[in-house]
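> According to the working numbering, the sequence shown is numbered sequentially starting from 378.
None of these hints come from the bench; they were simulated from the model. Only a predicted model underlies this, so the values are computations on that prediction, with no experimental measurement involved. Every residue, glycine too, gets a C-beta built ideally from N, C-alpha and C. Fair warning: there could be bad hints in the mix.
The following label-pair restraints were derived from C-beta to C-beta distances [said to hold, decoys possible]:
#	residue 1	residue 2	range
1	I1075	A529	49 to 59 Å
2	G864	V1115	49 to 59 Å
3	K706	D735	19 to 29 Å
4	T434	N576	35 to 45 Å
5	L1034	K1066	35 to 45 Å
6	T434	G410	22 to 32 Å
7	G838	V499	47 to 57 Å
8	L623	Y963	48 to 58 Å
9	K655	E450	20 to 30 Å
The calculated lysine-lysine pairs, modelled on BS3-like cross-linking and capped at a C-alpha distance of 25 Å, are [said to hold, decoys possible]:
#	residue 1	residue 2
10	K631	K723
11	K1172	K1036
12	K655	K631
13	K1172	K1241
14	K1041	K789
15	K1066	K1041
16	K1198	K1137
17	K777	K789
18	K777	K871
19	K1151	K1227
20	K656	K453
21	K1080	K1066
22	K1244	K1151
23	K871	K723
24	K1198	K656
25	K451	K965
26	K1041	K1244
27	K1041	K773
28	K789	K655
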Amino acid sequence: MSENLKRATYTKFKTTEGVINFYSLELLESNLGINISRFPISIKILIENLIRNFDGTTVNFDHINNLSTWSPEKHKPEEIPFKPTRVILQDFTGVPCVVDLAAMRSVVKRMGGDPSRINPIVPVDLVIDHSVQVDFFATSDSFSRNVEIEYARNGERYAFLRWAQSAFDNFRVVPPGTGIVHQVNLECLARVVGTCEINGETVAFPDTLVGTDSHTTMINGLSVLGWGVGGIEAEACMLGQPLYMLVPEVVGFKLSGFLPQGVTATDLVLTVTEMLRKKGVVGKFVEFFGPGLSHLSLSDKATIANMAPEYGATMGFFPVDEETLRYLKMTGRDRQLVELVEAYNKEQGMFRTDHMDDSVYNDLIELDLSTTEPSLAGPTRPQDRVSLRSLKQSYKNSLKARLSNDSDKIDKSVEVEIGDGKCQLSNGSVVISAITSCTNTSNPSVMVAAGLLAKKAVERGISVNPTVKTSLAPGSRVVTDYLEASGLTPYLEKLGFNLVGYGCTTCIGNSGPLPGPIEEAIRTHDLTCAAVLSGNRNFEGRIHPFVKFSYLASPPLVVAFALAGTVDIDVYNEPIGYDGSRNPVYLKDVWPSEEEIRSTIERALNPELFRAQYSHVFEGDKTWKSFSTPEGGQYRWDPGSTYIQEPPYFFDFSSELPKLNDIKSAKVLALLGDSVTTDHISPAGSIPKDGPAGKFLIEQGVKPIDFNSFGSRRGNHEVMIRGTFGNIRLRNLLVPGVEGGWTIHLPTNERMNIYDASEKYREQGTPLIVIGGKEYGTGSSRDWAAKGTALLGIKAVLAESYERIHRSNLVGMGVLPLQFKPGESRDIHTLSGFEDYDIAGISETLSPGKEVTVRVTDGDGKVKTFKAICRLDSPIEVEYYRNGGILQTVLRQMI
């Protein structure tokens, strides 16, 4: 493509505010003699991104031509560069990003360069939402006390972020207590169509982004193209580097019909998640279309888009339509923006109506909304949908499987003292009931439904079992405003659903401790108790270390199961409680009607609520404003800090490209099965005092009560590396029958924790590998799943298949992802994990998808060899790997 053709696509349209310029897809069609009118709208947005960013080098004619000739019949997985217009971070994943940027400034200064060159090129927003924990609950002052503890625990991190806000350009921070990053993005930060000034002219373009949280995809519900990436990739985008990706396959998901009475958006998203997981959409775009979209609110769409990581897609995209415009108005956006969004998308042929021709897709899936039924998902995976009607039997089957059908253990029940009374605690007892997470708390229909159900329950005189820890953690302050305005707050509080914080709490493991007698009973008697939460993740060990079963459910069902106190129940035929006269109360007796929900929302929700809450979104409270903030453009690292440390990635950095070497005589640190998640790999949740990280903190003078969480200490590699592969539910097959972060050190055959073994191997100069099964790295976009892997001395991972984000993160940290050839696995090659491993073909010319040779030598000296696929999927990933990672690549380019 020549600069002349780029200019040929540059045109303008008129708005009430004046003339707006843009890069026209229609003019591209006429100039190239192509037809892209029926392309998926997500592909059209990528094409516009290439045209606008064309420079002849980073973005060239081949990139545009490859994407403009996209075809579902002849899909070509060519590499294209994507330049998002902004980056969004949350504090758990964002702090390491800022730490890395500060470290890059330090290394540039040590090498005699100008450290101020390390600066975000594109706008970056960081929302502090992952640090609040549910320490206090079910009291009127739970929120203020939790926030007080949050500030006390995280003051050092918050001061660091305030320094970054002043030290870096294009960097804003949304302070604690505002809301969950994805809901703040949805309700305030996203513009759908952005503008900038170029050569004195206003240019419009689609709002696009990447984020360091896998649920960044929630913004796809508002027609913003973007998804979660690793922190390392996000940092590269912040520094002006493109995100290199393969031209995606696009799966069209056609929706028709209406949701039945009594079925929520949560039920729909769990159904969609189950369908798409079965379909197989890993690494693909999913684009929703069809007349059914006109019967879903934008909050419903955002609920579906949010869970793209759970159904495995890169994103779940909803085009701009009338509902998009209605939502922008309802959330208090300026009239000019709403008009721009409508005009721009109609000019580009990207405005969805029920009467437009269907786009063409690589594959198609359909759902009649009327077939959706009330559902939960669990007990350990979000894609395992269970219809509410069959929950009781499903729970029993899962329990029997866990307890090996031992009838004595299945019916176990113990008496515990809670407060002034005694209660029964048994297998299936609900001990956590949490309205939490971005998935559902963005949706007024399910939040109001929860409040109405609570109202009806209180009026019937039923209450929550004392063994249940209840909590309400909305995604934004607007939620509490409309719950208060509708008069529902007192009823939720009467059942213990008091406000505990505005942030991602229980869903990420910040559920806080259970009452002492509850934890003691579960631990002593090995009870299989349950959590019911309105979240998007329920992997083993994630919600709480003592809660073995976790079920995802809509907010009203969360309240219902808090009342029932158990998941061992058929809520259609068994009462969820008894009124004051001991009459049974069934779920149908307290479930609100659609009319009640609709009329309540109409009375309570208005644009002024949003304008009021977001008018000072970056200011923070008195405590935030009072923090003492370090000054200057260089961060002064404190060697004694247990929160913020300069990472070691650049200590031996040289401007010279390092030499690639084959891996020789490597040992297996972990031999893992299928569906190992980033929750299994990355440190998360509470820090055990008897684990490597806890012992390290104690050595530094930190008391266990002040440990905080792994997430809050992501800025300190010494803590994080000690928790990598430390999940209490990890099953390393080198240590059969044992759960947790254990391994066998070779050749001593000594059992020890993974961190200690890695240190011994490091002292011996022994490289390490990990062997996994299918879907390795499923789950959140946790950069520490890759950072920890690299810092443990793991040079390569060999798995049957990978989840998209984690594979990319491994490359970004200089760890080589290898994949068994189709039909092959560790079982096919009879790998025990106790052998020596040589991987040859790395030092030679690497190329995307190259086959390398794995040579395995067992203890008797017997040798077997096989080929594995090098999962460096693009030329730029080869370059990243050769440099030792993305950040090293950027540094060498800048130096």
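> Now tell me, hint by hint, if it's right for this structure.
Hint-by-hint comparison with the structure:
1. The beta-carbon spacing between I1075 and A529, approximately 19 Å, falls outside the hinted interval of 49 to 59 Å.
2. A hinted range of 49 to 59 Å holds for the C-beta pair G864 and V1115, which are about 53 Å apart.
3. Between K706 and D735 the CB atoms are about 28 Å apart, so this pair conforms to the stated range of 19 to 29 Å.
4. Between T434 and N576 the Cβ separation comes to about 20 Å, which falls outside the hinted range of 35 to 45 Å.
5. Checked against the given bound of 35 to 45 Å, the beta carbons of L1034 and K1066, roughly 44 Å apart, stay inside it.
6. Hint check: T434 to G410, Cβ distance near 25 Å, so the stated range 22 to 32 Å holds.
7. Between G838 and V499 the CB atoms are about 56 Å apart, so this pair conforms to the stated range of 47 to 57 Å.
8. A hinted range of 48 to 58 Å holds for the C-beta pair L623 and Y963, which are about 52 Å apart.
9. Checked against the given bound of 20 to 30 Å, the beta carbons of K655 and E450, roughly 24 Å apart, stay inside it.
10. Between K631 and K723, the direct Cα distance comes to roughly 22 Å. Compliance with the 25 Å bound is thereby established for this hinted pair.
11. Between K1172 and K1036, the direct Cα distance comes to roughly 14 Å. Compliance with the 25 Å bound is thereby established for this hinted pair.
12. Distance check on the hinted pair: K655 and K631 sit about 16 Å apart at the alpha-carbon level, within 25 Å; holds.
13. Proposed proximity of K1172 and K1241 is supported: the alpha carbons are some 20 Å apart, at most 25 Å.
14. Of the supplied pair hints, the one linking K1041 and K789 is violated, its CA atoms being roughly 52 Å apart against a limit of 25 Å.
15. For the given pair, K1066 sits about 36 Å from K1041 by alpha-carbon distance, which is inconsistent with the 25 Å threshold.
16. For the suggested pair K1198 and K1137, the alpha carbons sit about 32 Å apart, so the restraint of at most 25 Å is broken.
17. Pair hint K777 plus K789 holds up; C-alpha atoms about 12 Å apart against a cutoff of 25 Å.
18. Of the pairs offered as hints, the one joining K777 and K871 is violated, with about 36 Å between alpha carbons and a cut-off of 25 Å exceeded.
19. Straight-line distance between C-alpha atoms of K1151 and K1227 comes to about 20 Å, which keeps the hinted pair within the 25 Å bound.
20. With a C-alpha separation of about 21 Å, the suggested pairing of K656 with K453 holds against the 25 Å cut-off.
21. About 9 Å separates the Cα atoms of K1080 and K1066, which keeps this hinted pair within 25 Å; it holds.
22. Of the pairs offered as hints, the one joining K1244 and K1151 holds, with about 17 Å between alpha carbons and a cut-off of 25 Å not exceeded.
23. Pair hint K871 plus K723 does not hold up; C-alpha atoms about 49 Å apart against a cutoff of 25 Å.
24. At roughly 21 Å between alpha-carbon atoms, K1198 and K656 fall within 25 Å of each other, so this suggested pair holds.
25. For the hint pairing K451 with K965, the CA-to-CA distance comes to about 52 Å; that exceeds 25 Å, so the pair is violated.
26. Between K1041 and K1244, the direct Cα distance comes to roughly 16 Å. Compliance with the 25 Å bound is thereby established for this hinted pair.
27. With a C-alpha separation of about 48 Å, the suggested pair K1041 and K773 falls outside the 25 Å cut-off, and the hint is violated.
28. For the given pair, K789 sits about 35 Å from K655 by alpha-carbon distance, which is inconsistent with the 25 Å threshold.
The structure fails hints 1, 4, 14, 15, 16, 18, 23, 25, 27 and 28 (numbered hints given earlier, in ascending order).
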